[in-house]
Amino acid sequence: MSMIVGQPLDRKDGKLKVTGAAPYAGEFVVPGLVYGVTIQSTITKGHINNIDTTVAQKLKGVLGVMTYKNAMSLHQPTGSDPSSGKFAEKDLLPLQSERIFYNGQHIAVVIAETFEIAEYAASLIKVDYNEEKSVSDIHDPEAKPYQPQQGLGGTSPQAKRGNTDEVLNNAAVKLEQTYTTPVYHHNPMEPHTTTAFWEDDELTVYDSTQGVFGVQNLLSNVLGIPKNKVRVISPFIGGGFGSKGFTWANAFLAPMAAKFINRPVKITLARSFQMFTCAGRRTTTIQKINLGADSNGKISAGKHETTSETSFVDEFVENAGVATKILYDIPNLDIVQNLVRLNRGTPCPTRAPGEAPGTYAFEVAMDELAEKLNIDPLQLRLINYAEKNPVDGKEFSGKNLKECYEKGAAAIGWKDRSDKPSANKQGRYLTGYGMATATYPANRSKASVRLKLYQEGNAVAACCTQDIGTGTYTVMAQLMADALGLPFEKVEFKLGDSTFPQGPNSGGSQTMATTGPAVRAAALEAKSKAIQLAIADKKSPLYNVEESAIGVENGRLYVINNNAKGETYTQLLSRNKMPLIDVNATTDVTLKDGEKSAAANANAKKEPDNPFAKQDEKMDREKYVFHSFGAHFVKVKVDSLTGMVKVEKIASAMDIGKILNEKTAKSQIMGAAIFGIGMALMEGSVYDPNTGRIVTKDLADYHVPVHADMPEFDVQFTDKPDYNISLVGARGAGEIGITGITAAIANAVYNATGKRVRELPITPDKLI
Amino acid sequence: MEKKSESSTDEIKTGSTRREFLEQVSVITAGTALSVSLKAAKLPTNRKFYQEEGTVEVSFFINDKKMTLELDPRTSLLDALREKLHLTGTKKGCDRGQCGACTVLVDGKRINSCLKLAGMCEGAHITTIEGLAKGDQLHPLQTAFLKHDAFQCGYCTPGQICSAVGLIKEGHAKTDDEIRELMSGNICRCGAYQNILEAIKEVQKS
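Going down the list, the sequences are from chains A and B.
Under this note's numbering, the first sequence has 695 at position 695, and the numbering climbs by one with no breaks.
Residues are numbered in this note's numbering as their position in the second sequence, beginning at 1, plus a constant of 768.
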């Protein structure tokens, strides 16, 4: 049945992007728009004695300077539901007091007719501080670790099963190592931007966000205005990677400034410094891993203890042990999480928060254990393969990891790997191979979609979700086309506007699995309504035909056994003088049992030929655990003279359910793996331990992967539909690609050089 | 798109203190590159400077259309394009010449428009992403980027495409590694590099 879903189609929004016509948050034409430039604190802890803005304010073209002395009062955001928005720094609403909690905190906004004047005026503001001693480094003796009880999404960051300490003590082979990862900055190409204007008491905001609905909710909360008076628009986002998942002060400062001077205001964070202080980061992690195994390689016990950082104004937990719980069949396991409060901005999710640094440490530890046991690293993973969820014994909704191992190993040429490190040397170059397991949960929540099927034979659906480059515009349209029986060119999916029905935020790789089923349900509903109309219409060739005997293809409804008998949507709707069929659909995996079976019956009716349609739209969490797996295999070449590492090839095989569009799915995996190259080899933010100020403050200091760093890629999928998560059959693709990859690279570097670097990034100085 | 460098020196009527100053600076700093620097420093000086407003007038050709702007002399070419002309296809990623998102073609050469003051572009022919397509007919690189999924979020894309136009015109890149090296000033955080390479190679061949 399915024809368009599964095809590697070009992106629907592609033409807008290649012609520069796609509008991002700072690019909307707003008459009378002026510019806000924010000023950051230059001390790390203390308070402001005085801000002297007089010179700046006298400058021609300056419209106002907003500080804690004159900014509007804000309300504390309420509600803990992640879909309703999360302000990253709950105890630091901007410009509300003279207190300074970190270096780079927003302390003023200069608003001027032009960006040039605003920037110059900002340089004229004099700030007198009263500085206090700060805690600016995780190793600071003043930093007091504590154990947080709540992680991301309310889960517990602490976990325990079995009798770890005793089993570890008695294990035949033991490993204990500590791994550290530095602070990473997301650095999406589009710096965080908010454009805001008021029309009487109504606020419109163009914001670069991964959660349009959440921003609307937060603005309503924080500014104290009704939700229906706030409209947030974000059709295009120039990358997020988590940094635009939580909401940052810029989203409030722009509307505050717009009110302050009664003009539309745009605030864009500067890449230099501001994107490194006020837009989130991945925290430092120090991860201690203990493993105990028998001489055959069966792991009996493990311990994964992480220390990460948070701020003094909110709590964020980079729960690096989260994936360790589910990776392998380890009967005795302790996951411990410590947090340290620092005078830095609050960290936030970064592509696979927890899993990305956690799989680095744990999968390197696995490589080290394999060496101790003299077992092939891939073999060690197979020996400890978890057929069922090791946490609770539940079945996986779909797990084909062994197939991923086979595909990846074949693609990289794993058989060419020597167990002995630095055995493969040609001239000055050492070659090495490494692998690691990838894993990420398959999340799904609630989405609503409105769909209009027009008499002209086209359809438009809308949902307040986002496309952060992941392909939402395209893949949702593919789902619509198949479910409605319309050509791909005749369907359009709209997103990024808070006036649309509520959709999920773009986090936790959940957009596809959450919005997809709602889009499909709406499309099936519209098709069903059209069929019902035809069946009841004496003038229709389909009059009195059973619904189950009617198919739709290319916009034409027809009798399945007699193709000649039929008519188009256009003929049907125009005869009935209906300009359109308008439907709403909501899919909600939090439905109660009674509601679930009603949904199931409705689905079965809509798709009589689809055996899976009889399932209800739910995630049976009693029976299944929903998790994706995969494997990365890496080949590196290391220059033994300079210590330069070149990743030669990455072969990734992913088991993420049905692949709806191979082109966009592959791009997700490759992009995430490239993020992993950065984590492994070059990225890492440095802070001055004395002042607490960031040193690597721009893209000249903070090195992200560029064209020249690219390896050859071989991305494969198992493409096995998971109808337990939804009738669409797809799990998320956005984050799994960054898990495991860093370890695979680090393991390959060890295999090449015999040098085990346990402190990322593996820069050349650490190899010579 | 082939751009002819229109000689802006024709319009020079008089020397000026600013020009002399630049020449002197060139002599002091440029050493052996003296002649080149002198040439570069020959700025047209018949432009209006509005003392009262603190603005200058500049005329250049954007996508073959002559534009005259009155600007704050501190305005970068990037901000002039985005904020004054609303040609927002050219992106601001770092404002420091470190990311390449603002790449445009000035007199056929790819540059970071954030590092160029708009006032220095008098008479220049500037091609932005908006000027590459001919009506509905996309530039071959735009078509190839679409086909090869050479972007995700799309924010670096105009810069990548303009840079690739410049790269192909330069004619230095023959191998994959050379293309990679010579495109390394354009960062793509989504990591579409492999697909960008494929797109460039396809157009290079044809």
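Please keep in mind that the hints were generated in silico from the structure rather than gathered at the bench.
Just so you know, not all the hints are guaranteed correct.
Claimed, not checked - Some chain B residues flagged as far from chain A (calculated, every beta-carbon gap over 10 Å):
1) F829
2) K915
3) V971
What the hints assert, rightly or not - For lysine-lysine, the following DSS-like pairs were computed, each having C-alpha atoms within a straight-line distance of at most 27 Å:
4) K942(B) to K637(A)
5) K15(A) to K969(B)
6) K852(B) to K60(A)
7) K969(B) to K538(A)
8) K720(A) to K915(B)
9) K325(A) to K174(A)
10) K227(A) to K884(B)
11) K663(A) to K915(B)
12) K415(A) to K227(A)
13) K605(A) to K420(A)
14) K60(A) to K915(B)
15) K649(A) to K663(A)
16) K969(B) to K58(A)
17) K663(A) to K852(B)
18) K15(A) to K852(B)
19) K969(B) to K490(A)
Claimed, not checked - Simulated restraints on C-beta separations:
20) F273(A) to K877(B): 55 to 61 Å
21) K877(B) to M3(A): 44 to 50 Å
22) K852(B) to G153(A): 40 to 46 Å
23) P908(B) to S548(A): 21 to 27 Å
For glycine and all other residues, C-beta sits at the position ideal for the given N, C-alpha and C.
Each hint tested on the structure:
With a cut of 10 Å on Cβ distances, F829(B) stays outside the contact zone with chain A, its closest approach being about 18 Å. Non-interface status of K915(B) relative to chain A is broken: a Cβ of that chain comes within 10 Å, the nearest being about 6 Å off. No Cβ of chain A comes within 10 Å of the Cβ of V971(B); the nearest lies about 12 Å off, and the non-interface call holds. The hinted pair formed by K942(B) and K637(A) meets the criterion: a straight-line CA distance of about 23 Å does not exceed 27 Å.
Distance check on the hinted pair: K15(A) and K969(B) sit about 20 Å apart at the alpha-carbon level, within 27 Å; holds. The straight-line distance between the Cα atoms of K852(B) and K60(A) is roughly 19 Å, inside the 27 Å bound, and the hint therefore holds. Proposed proximity of K969(B) and K538(A) is contradicted: the alpha carbons are some 59 Å apart, above 27 Å. Between K720(A) and K915(B), the direct Cα distance comes to roughly 26 Å. Compliance with the 27 Å bound is thereby established for this hinted pair.
As the CA atoms of K325(A) and K174(A) are separated by approximately 19 Å, the hinted pair is consistent with the 27 Å bound. As the CA atoms of K227(A) and K884(B) are separated by approximately 43 Å, the hinted pair breaks the 27 Å bound. Of the pairs offered as hints, the one joining K663(A) and K915(B) holds, with about 9 Å between alpha carbons and a cut-off of 27 Å not exceeded. With a C-alpha separation of about 60 Å, the suggested pair K415(A) and K227(A) falls outside the 27 Å cut-off, and the hint is violated.
For the hint linking K605(A) to K420(A), the alpha-carbon distance of about 61 Å lies beyond 27 Å, and the restraint is violated. Distance restraint check for K60(A) and K915(B): the Cα-Cα separation of roughly 50 Å exceeds the 27 Å cut-off, and the hinted pair is therefore not satisfied. Proposed proximity of K649(A) and K663(A) is supported: the alpha carbons are some 19 Å apart, at most 27 Å. For the hint pairing K969(B) with K58(A), the CA-to-CA distance comes to about 55 Å; that exceeds 27 Å, so the pair is violated.
Straight-line distance between C-alpha atoms of K663(A) and K852(B) comes to about 37 Å, which puts the hinted pair past the 27 Å bound. Straight-line distance between C-alpha atoms of K15(A) and K852(B) comes to about 24 Å, which keeps the hinted pair within the 27 Å bound. Distance check on the hinted pair: K969(B) and K490(A) sit about 32 Å apart at the alpha-carbon level, beyond 27 Å; violated. With their beta carbons about 30 Å apart, F273(A) and K877(B) fall outside the hinted range of 55 to 61 Å.
The hinted range of 44 to 50 Å is satisfied by K877(B) and M3(A), whose Cβ atoms lie roughly 47 Å apart. In this structure the supplied range 40 to 46 Å holds for K852(B) paired with G153(A), their Cβ-Cβ distance being about 45 Å. A C-beta distance of roughly 49 Å is found between P908(B) and S548(A), which places it outside the suggested range of 21 to 27 Å.
The structure fails to meet hints 2, 7, 10, 12, 13, 14, 16, 17, 19, 20 and 23 from the earlier list, while all remaining hints are met.
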